[in-house]
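S.K.: Each protein sequence line maps, in turn, to chains Z and S. For the first sequence, my numbering begins at 1 and goes up steadily by one. For the second sequence, my numbering begins at 1 and goes up steadily by one.
By construction, these hints were calculated from the structure, which means they are not laboratory data. Careful, some of the hints might be misleading.
Chain Z is faced by these chain S residues, among others (derived, beta-carbon under 7 Å) [what the hints assert, rightly or not]: (1) Ile-153; (2) Ile-169; (3) Glu-240; (4) Val-262.
Pulled from the structure, derived: some chain Z residues nowhere near chain S, Cβ distances all over 12 Å [as the list claims (entries may be wrong)]: (5) Asp-7; (6) Leu-175; (7) Leu-269.
Each residue gets a CB set at the ideal place from its N, CA and C atoms; glycine is no exception.
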Amino acid sequence: MPMTERDVRLVDMTLRDGMHAVDHQFTPEQMADIASALDDSRMDVVEVSHGDGMGGSSINYGFSAADTSEYLEAVVPELTDTELSVLMLPGIGTVEEIDLAVDRGADICRIATHVTEADVSAEHFEFVTDRGLEANGLLMLSHMEPPEKVLEQAKLMEEYGADAVYVMDSAGAMLPEDVRERVGLLADELSIDVGFHAHNNLGLGIGNTLAGIEAGATTVDGCLRGLGAGSGNAQMEVLVGTLEKAGYDVTPDFFSTMDAAEDVLVPMLTEETMPELDNDSLVLGYAGVYSSFLRHTRRVGEKFDLDPREILVELGEMGVVGGQEDMITDVAASIAEERADEAEADD
Amino acid sequence: MAVNAAIVGPGNIGTDLMYKILGRSNSIDLQRMIGIFPVDESEGLQAAVDEGIDVGTDGIDSVREHADEFDIVFEATSATVHEQQAPVYEELGLFAIDLTPAAVGPYTVPAVNMDDVTNSGNNINMVTCGGQATIPLVHAVNRVADVEYAEMISTISSESAGPGTRQNIDEFTQTTAAGLEEVGGADEGKAIIILNPAEPPILMRNTVYTKVPDTTDVDDVRDSVAEIESEIQSYVPGYEVTLEPSVKDQDDVGFDLGDSVVITTMLEVEGEGQYLPPYAGNLDIMTSAALGAAERIAEHSAEARTVGGDADD
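Use the sequences and the hints to build the structure in full.
M.R.: In structure tokens:
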């Protein structure tokens with residue numbers, strides 16, 4: 001239910017996908033400040049949770065600085081017209097977390113599965129729709145499957161009660177044509193809204209989002225200053241400006257969104273957390289690896305004295321999926337062991 | 001002397017269990033396989049007939065009719081069915097080994113708490129596949145260090161995740177987390193399951209993280225884990241620790257560890273590949289653990305001469 005005559009709904013995930021970039025360490029106070037600035041800019045939706053969704057706070061993905069209810073309690077009072085979204089990945093979180101978010105005032109629950117595994121989400125869609133929230137389904141790592149497979153899985157989510165299904169380019173590995181094929185097919189075949197979620201690992205965050213909208217996406221994701229896993233997501237203030245320039249009606253105010261990025265978010269970041277398309281994140285997109293692996297892989301690379309890029313390429317070849325962060329250590333340990341064996345053989 | 005048993009539920013799990021009992025158990029005598037469909041509509045019952053095992057096709061009525069033939073019942077149906085049938089087993093004086101998530105009886109991991117549970121009643125529950133794989137490792141760490149928090153990540157091939165797991169994935173994480181605490185001994189438990197569709201299908205792999213005081217002696221932990229690994233291998237031959245306990249300290253993580261360190265251990269489970277494919281280690285470890293539990297009960301009864309209460313006396 002659009003507040004205005006908009007063509008595209010914008011979902012700001014600075015407080016969710018952006019959490020990956022800061023190792024899930026935003027404080028509730030920082031979240032409140034950013035949410036307030038986004039509300040001032042009339043952002044359509046803000047999404048709040050651990051980067052890996054509610055229930056993601058763990059050793060494998062990193063413990064967050066506060067828990068889900070503390071974050072939601074901090075953000076909710078700051079929002080007037082802006083809607084609140086939360087994320088949950090079945091297998092990581094449970095309906096217990098969704099229940100908590102409903103009680104705290106979430107308007108939308110987004111349920112994410114790997115692109116081939118939509119059928120683990122039926123019980124969660126049922127729970128969300130029963131509680132009267134908008135339910136969105138997110139098909140992660142959609143680049144790994146052909147458009148027909150993405151459609152088959154999207155139809156399952158539609159059947160379970162999704163109000164929208166997203167093509168998630170979780171690895172930032174898609175080219176504009178990949179986006180058009182998948183989003184276009186879903187827009188033609190589904191009777192619900194289609195969304196697109198970009199990562200900028202190949203430098204295509206904005207371009208791919210525009211391609212998705214041209215192909216029929218009516219709800220798209222981004223983060224202020226392009227924060228987010230890997231090299232970050234589509235940069236929200238750029239998206240607002242670009243869409244306006246392209247003639248689309250969008251709700252957020254361009255200058256206020258820029259202000260939220262530059263005056264509120266940027267002072268919270270350091271040189272180390274500022275989004276950057278560097279060599280390691282470029283390799284995520286090239287090798288097709290889930291973007292949140294980046295910072296974990298850097299830490300593991302340092303521990304084992306390995307180039308993060310070779311770990312990422314190996315992970316890509318193995319076809320690891322979102323959530324398998326534990327494989328980083330496994331792969332690095334094997335590479336390091338091989339190296340040690342080779343060195344010994346040379347002696 | 002062998003103990004007589006029946007399998008109720010001739011699906012994938014029940015059929016795999018039948019082959020395991022026939023192939024490698026000296027102390028369990030399989031008397032009957034019981035389902036609810038006619039033999040020509042049930043692959044599992046047909047397999048039983050082919051192996052010369054008697055069958056029943058009337059579910060719980062078949063159990064009642066033949067209850068004098070066996071002392072142990074393996075429940076390989078579903079949680080709902082086990083909840084309905086458990087009181088009947090109790091009434092008939094049968095010892096129930098429950099492979100469903102119903103958890104009517106206590107969580108049971110043969111390498112950890114067999115003695116405690118067999119002394120507490122006539123119904124034991126096999127937790128989850130991930131629980132069977134990881135709870136013993138948490139227990140092994142906890143017996144030499146105080147485990148403040150334990151976390152397991154189970155990755156299984158999409159091929160081996162059946163409709164039961166898929167329709168109720170929360171049940172897996174909640175039950176496994178409870179098992180990490182109640183049987184593993186962690187103050188707090190967290191379980192995560194990931195399905196991976198890669199072809200060829202990957203083996204079941206698990207990572208166990210335990211958060212322990214930074215004063216913990218890692219060599220003690222390694223010895224304790226090595227010891228329990230061989231104990232588990234005695235009933236799950238395809239079980240293998242692939243990364244022995246190694247320490248992550250504050251420099252290796254992006255959050256505050258306080259006075260703790262994280263110990264990471266990884267393991268794989270390769271199925272025997274007799275009935276189910278080798279990658280389905282998640283199913284293999286359930287049937288292996290259930291058989292391991294039954295054999296321990298049989299040993300117990302050889303000593304005490306009673307199984308499933310006093311019905312035979």
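S.K.: Hints first: check each against the structure and report whether it holds.
M.R.: Tested hints:
no.: 1; hint: Ile-153; verdict: 5 Å, holds
no.: 2; hint: Ile-169; verdict: 5 Å, holds
no.: 3; hint: Glu-240; verdict: 13 Å, violated
no.: 4; hint: Val-262; verdict: 6 Å, holds
no.: 5; hint: Asp-7; verdict: 35 Å, holds
no.: 6; hint: Leu-175; verdict: 22 Å, holds
no.: 7; hint: Leu-269; verdict: 15 Å, holds
Going down the numbered hints, you'll see the structure goes against just number 3.
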